[in-house]
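Once you know that position 28 of the sequence shown is 28 in the working numbering, the rest is easy, because the numbers rise by one and skip nothing.
Hint data in this document are derived by calculation from the structure and do not stem from the laboratory. Just to be clear, a hint being listed does not mean it is correct.
What the hints assert, rightly or not - Restraint-style ranges between C-beta atoms, simulated for each label pair:
#, residue 1, residue 2, range
1, T7, G29, 46 to 52 Å
2, T7, E42, 14 to 20 Å
3, Q21, N85, 18 to 24 Å
4, V49, T7, 15 to 21 Å
5, D61, T7, 35 to 41 Å
Stated by the list, open to error - Straight-line distance between alpha carbons at most 25 Å, and here's what the computed BS3-like set of lysine-lysine pairs gives:
#, residue 1, residue 2
6, K34, K79
7, K62, K34
8, K62, K79
9, K62, K41
10, K79, K41
Note that beta-carbon positions come from the ideal geometry of N, C-alpha and C, so glycine has one too.
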Amino acid sequence: MTVYFSTSASQIKQKEQYVYQAVVLCNHGVSTGKLLAANLKEHFNIEIVAILSSYELAFIDKLDVDLVFTTISIDYPRKPVLLLNPI
Numbered sequence: 001m002t003v004y005f006s007t008s009a010s011q012i013k014q015k016e017q018y019v020y021q022a023v024v025l026c027n028h029g030v031s032t033g034k035l036l037a038a039n040l041k042e043h044f045n046i047e048i049v050a051i052l053s054s055y056e057l058a059f060i061d062k063l064d065v066d067l068v069f070t071t072i073s074i075d076y077p078r079k080p081v082l083l084l085n086p087i
């Protein structure tokens, strides 16, 4: 019985340590995107794979990411998108 509880506890701990892969899409410039990425990493268990400008939207398809954070309204049905304030 101890083995089952240990295995279960280990699996729960591994799920809690999952790091989400994300991309930041910003229309206001790379420096604003970097600031947003730093704030996201500070508050969440997340790895920012890339910081892109609005004209680089097609690059998201080439990246292995779980979600997209953006400061502009975009229609991107392939990944979950969260619209945020740049600051």
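Comparing the hints with the structure gives:
no.	hint	in the structure
1	T7 / G29: 46 to 52 Å	48 Å, holds
2	T7 / E42: 14 to 20 Å	33 Å, violated
3	Q21 / N85: 18 to 24 Å	22 Å, holds
4	V49 / T7: 15 to 21 Å	32 Å, violated
5	D61 / T7: 35 to 41 Å	38 Å, holds
6	K34 / K79	21 Å, holds
7	K62 / K34	20 Å, holds
8	K62 / K79	12 Å, holds
9	K62 / K41	22 Å, holds
10	K79 / K41	19 Å, holds
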